[in-house]
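Protein sequence lines correspond, in order, to chains B and H. For the record, in the first sequence the residue sitting at position 144 is 145 according to the working numbering, with numbers rising by one throughout. For the record, in the second sequence the residue sitting at position 323 is 324 according to the working numbering, with numbers rising by one throughout.
Be careful, since some hints might not be right.
Which copy is meant is left open, so a pair is good if it fits within one copy or across any two.
With a cut-off of at most 25 Å between alpha-carbon atoms, the simulated DSS-like pairs for lysine-lysine come out as follows [to be verified]:
| no. | residue 1 | residue 2 |
| --- | --- | --- |
| 1 | Lys63 | Lys144 |
| 2 | Lys302 | Lys201 |
| 3 | Lys230 | Lys279 |
| 4 | Lys127 | Lys183 |
| 5 | Lys95 | Lys109 |
| 6 | Lys95 | Lys279 |
| 7 | Lys144 | Lys109 |
| 8 | Lys109 | Lys96 |
Hints in this document: simulated from the structure, not taken from any laboratory.
Spelled out from the first residue to the last, the chains are:
Number of protein chains: 2
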Amino acid sequence: MTQVSINNEEIDIVIAAIQSDLTSFLEDWRPFISQFHLIIVQDPDLKEELKIPGGFNIDVYKKSDIVRTVGSSSISSLFSGYSCRYFGYLMSQKKYVISIDDDCMPAKDTSGNMVDIVVQHITNLKTPATPFFFNTLYDPFCKGTDFVRGYPFSLRSGVPCALSCGLWLNLADYDAPTQALKQNQTNNRYVDAVLTVPVKTLMPVSGINIAFDRELIGPALLPGFKLEKEGKIRWETVEDIWAGMCVKVISDHLGFGVKSGLPYVWRKERGNPFDSLKKEWHGVKLMEELVPFFQSFRFSKESVTAEDCVKEIAEAVKERLGRTDPVFARAADAMLEWLKVWNVVRSQQASEVS
Amino acid sequence: MTQVSINNEEIDIVIAAIQSDLTSFLEDWRPFISQFHLIIVQDPDLKEELKIPGGFNIDVYKKSDIVRTVGSSSISSLFSGYSCRYFGYLMSQKKYVISIDDDCMPAKDTSGNMVDIVVQHITNLKTPATPFFFNTLYDPFCKGTDFVRGYPFSLRSGVPCALSCGLWLNLADYDAPTQALKQNQTNNRYVDAVLTVPVKTLMPVSGINIAFDRELIGPALLPGFKLEKEGKIRWETVEDIWAGMCVKVISDHLGFGVKSGLPYVWRKERGNPFDSLKKEWHGVKLMEELVPFFQSFRFSKESVTAEDCVKEIAEAVKERLGRTDPVFARAADAMLEWLKVWNVVRSQQASEVS
Chain B
2 MTQVSINNEE
12 IDIVIAAIQS
22 DLTSFLEDWR
32 PFISQFHLII
42 VQDPDLKEEL
52 KIPGGFNIDV
62 YKKSDIVRTV
72 GSSSISSLFS
82 GYSCRYFGYL
92 MSQKKYVISI
102 DDDCMPAKDT
112 SGNMVDIVVQ
122 HITNLKTPAT
132 PFFFNTLYDP
142 FCKGTDFVRG
152 YPFSLRSGVP
162 CALSCGLWLN
172 LADYDAPTQA
182 LKQNQTNNRY
192 VDAVLTVPVK
202 TLMPVSGINI
212 AFDRELIGPA
222 LLPGFKLEKE
232 GKIRWETVED
242 IWAGMCVKVI
252 SDHLGFGVKS
262 GLPYVWRKER
272 GNPFDSLKKE
282 WHGVKLMEEL
292 VPFFQSFRFS
302 KESVTAEDCV
312 KEIAEAVKER
322 LGRTDPVFAR
332 AADAMLEWLK
342 VWNVVRSQQA
352 SEVS
Chain H
2 MTQVSINNEE
12 IDIVIAAIQS
22 DLTSFLEDWR
32 PFISQFHLII
42 VQDPDLKEEL
52 KIPGGFNIDV
62 YKKSDIVRTV
72 GSSSISSLFS
82 GYSCRYFGYL
92 MSQKKYVISI
102 DDDCMPAKDT
112 SGNMVDIVVQ
122 HITNLKTPAT
132 PFFFNTLYDP
142 FCKGTDFVRG
152 YPFSLRSGVP
162 CALSCGLWLN
172 LADYDAPTQA
182 LKQNQTNNRY
192 VDAVLTVPVK
202 TLMPVSGINI
212 AFDRELIGPA
222 LLPGFKLEKE
232 GKIRWETVED
242 IWAGMCVKVI
252 SDHLGFGVKS
262 GLPYVWRKER
272 GNPFDSLKKE
282 WHGVKLMEEL
292 VPFFQSFRFS
302 KESVTAEDCV
312 KEIAEAVKER
322 LGRTDPVFAR
332 AADAMLEWLK
342 VWNVVRSQQA
352 SEVS
């Protein structure tokens with residue numbers, strides 16, 4: 002791949018602790034993340050004390066920290082369950098944030114080498130994205146590849162990459178119905194590629210293994226879309242899908258790119274898809290409403306920052322989707338609440354620096 | 002991959018003979034193509050007799066056949082050089098056409114198995130395409146994969162796939178400047194994936210290794226965009242890029258999909274990129290005009306077949322690009338000429354059947 006410099010001071014690794022014992026998780030990842038600053042956010046619903054091995058540079062945030070920052074009223078709408086990770090995004094002061102679910106282990110590539118997710122994510126983010134024309138040999142900024150004959154030269158410099166979506170081996174990120182139907186189907190196909198998802202194309206962004214440029218689109222990685230019966234199982238959640246739609250339409254509007262593909266992580270099994278089936282269908286049905294909404298969304302010219310864009314989406318969600326299902330009205334409120342909290346924390350951090 | 006049935010009677014394999022000795026080419030491919038009907042079109046500029054080994058079911062078309070069908074006046078604008086393949090597309094009466102350049106050999110996959118391009122291309126064409134939403138685990142109809150959590154159920158049935166664009170190992174399909182600059186850069190990355198190129202996204206379709214559903218978009222795989230100084234080297238041509246833009250916008254309009262990725266072929270070196278540099282820049286410059294043209298192209302509602310669509314594009318090319326560069330006016334004329342020839346051959350074939 003293109004050689005990019007990795008500056009340890011530019012990177013935060015955010016882990017949402019859904020389970021209390023992080024020992025094996027952190028030991029597995031130690032070779033790749035011990036030199037970076039870690040932000041661990043404990044799910045406020047989790048009562049037990051976290052178990053964290055020594056030798057890491059970590060800030061841990063617990064329920065009391067979240068309450069102190071945002072008040073207790075906003076906790077459940079913004080930062081409970083899988084969404085506690087967003088509190089870590091909020092507290093980060095680094096340019097790049099990398100986030101992986103706590104049931105993931107490092108994966109191996111096809112040569113049997115352990116995948117360094119930090120190097121790959123940061124390479125994805127530091128090299129340009131090419132959303133305006135598809136390159137058939139995938140990301141032209143990967144090692145050993147280039148723009149294919151016929152690729153317009155005027156589009157070869159690309160645009161800044163805002164989001165890097167990594168993938169998963171073993172347990173794939175299917176919804177509960179698919180997981181229930183094909184229980185033995187694991188993902189074993191290592192696709193050795195990164196690509197820019199084209200402009201105006203939406204995708205299901207998974208929060209399992211992502212990285213983003215916080216300075217470009219920080220406020221767009223937001224919590225808010227929470228299903229009433231969602232539990233502590235990935236396939237019961239859609240918060241990341243919603244945040245992903247926001248990031249993608251905002252990136253399209255602001256002229257940034259989104260990449261998908263490498264790096265992979267290895268996902269261990271957790272939960273029983275049959276138990277989740279009843280809960281998950283609500284999310285599945287809601288996708289049918291929200292995809293056309295995001296596909297047809299057009300920003301006003303006045304929205305020139307990620308923050309402006311989030312505000313505009315939230316208002317439109319309230320107006321156009323609010324009456325369809327109460328979950329949409331709640332999402333809109335949560336997004337506006339998130340923006341308030343975002344600004345409070347930003348100004349606190351600014352005053353600490355000065 | 003999804004098990005599809007391969008019906009030998011539905012498939013034509015079209016080879017443009019740019020070189021006269023096809024012995025090693027056909028021997029290399031024999032295990033994969035000997036059971037299918039082959040159409041070999043000899044480049045009308047090629048004077049030597051073709052060398053073709055026995056044991057194949059082949060129709061060979063030479064200059065005299067082309068003249069008899071289209072008259073001598075249209076040969077140079079439609080069917081000379083790499084474009085002679087389009088005469089094979091014209092003569093085919095099968096549902097599926099597969100076409101590979103005569104400097105390609107079968108490739109090996111990452112397990113060392115020879116790639117069966119027929120099975121892979123036909124699988125790509127017979128399984129649905131999903132152009133309206135990007136699936137992060139690539140083509141959900143490939144073996145062992147599926148739609149990722151968050152993929153709308155209403156879009157999971159997909160649309161018919163019209164075009165399958167395969168890739169190349171070893172000599173990549175770069176333009177002459179890139180090839181000259183990075184002479185030692187070969188493509189060694191085997192990306193084990195197929196994906197649908199999203200709706201409204203253009204791409205540089207390469208004619209080196211493609212397959213298409215002739216019944217869906219036959220008339221759109223057309224010759225016409227010919228550079229004045231183009232020679233017998235792939236990187237000097239852009240005819241396939243132009244045809245690919247036509248197919249893509251037409252597929253988008255008619256509700257078909259285009260896939261890219263597997264299968265790979267192995268390309269041998271041919272030609273010296275330095276010699277081609279002077280010629281190629283014209284094509285490179287023209288891309289800057291034609292990409293915005295195709296990106297902004299909107300069909301009228303009256304265009305409901307591939308043929309209607311080709312006609313509409315040709316007229317718009319003449320009107321909007323014709324004065325920019327004479328090559329565009331010639332391309333528009335060639336496209337209209339092609340449509341005439343297409344209809345003549347179709348009605349001849351129909352009268353032969355009845």
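Tested hints:
Taking the closest pair of Cα atoms, Lys63 and Lys144 never come within 25 Å of each other, the shortest separation being 41 Å inside a single copy and 43 Å across copies. Proximity of Lys302 to Lys201 under the C-alpha cut-off of 25 Å is found in both arrangements, the shortest distances being 17 Å within a copy and 23 Å between copies. For the homomeric pair Lys230 and Lys279, the shortest alpha-carbon distance inside one copy (9 Å) is at most 25 Å, but the shortest distance between copies (65 Å) is not. Taking CA atoms no more than 25 Å apart as the test, Lys127 paired with Lys183 passes between copies only; the shortest distance there is 23 Å, against 37 Å inside one copy.
Taking CA atoms no more than 25 Å apart as the test, Lys95 paired with Lys109 passes in neither setting, with 28 Å inside one copy and 44 Å between copies. Neither within a single protomer nor between protomers do Lys95 and Lys279 lie at most 25 Å apart by alpha-carbon distance, with minima of 39 Å and 48 Å respectively. Taking the closest pair of Cα atoms, Lys144 and Lys109 come within 25 Å of each other both inside a single copy (18 Å) and across two copies (21 Å). For the homomeric pair Lys109 and Lys96, neither the shortest alpha-carbon distance inside one copy (27 Å) nor that between copies (42 Å) is at most 25 Å.
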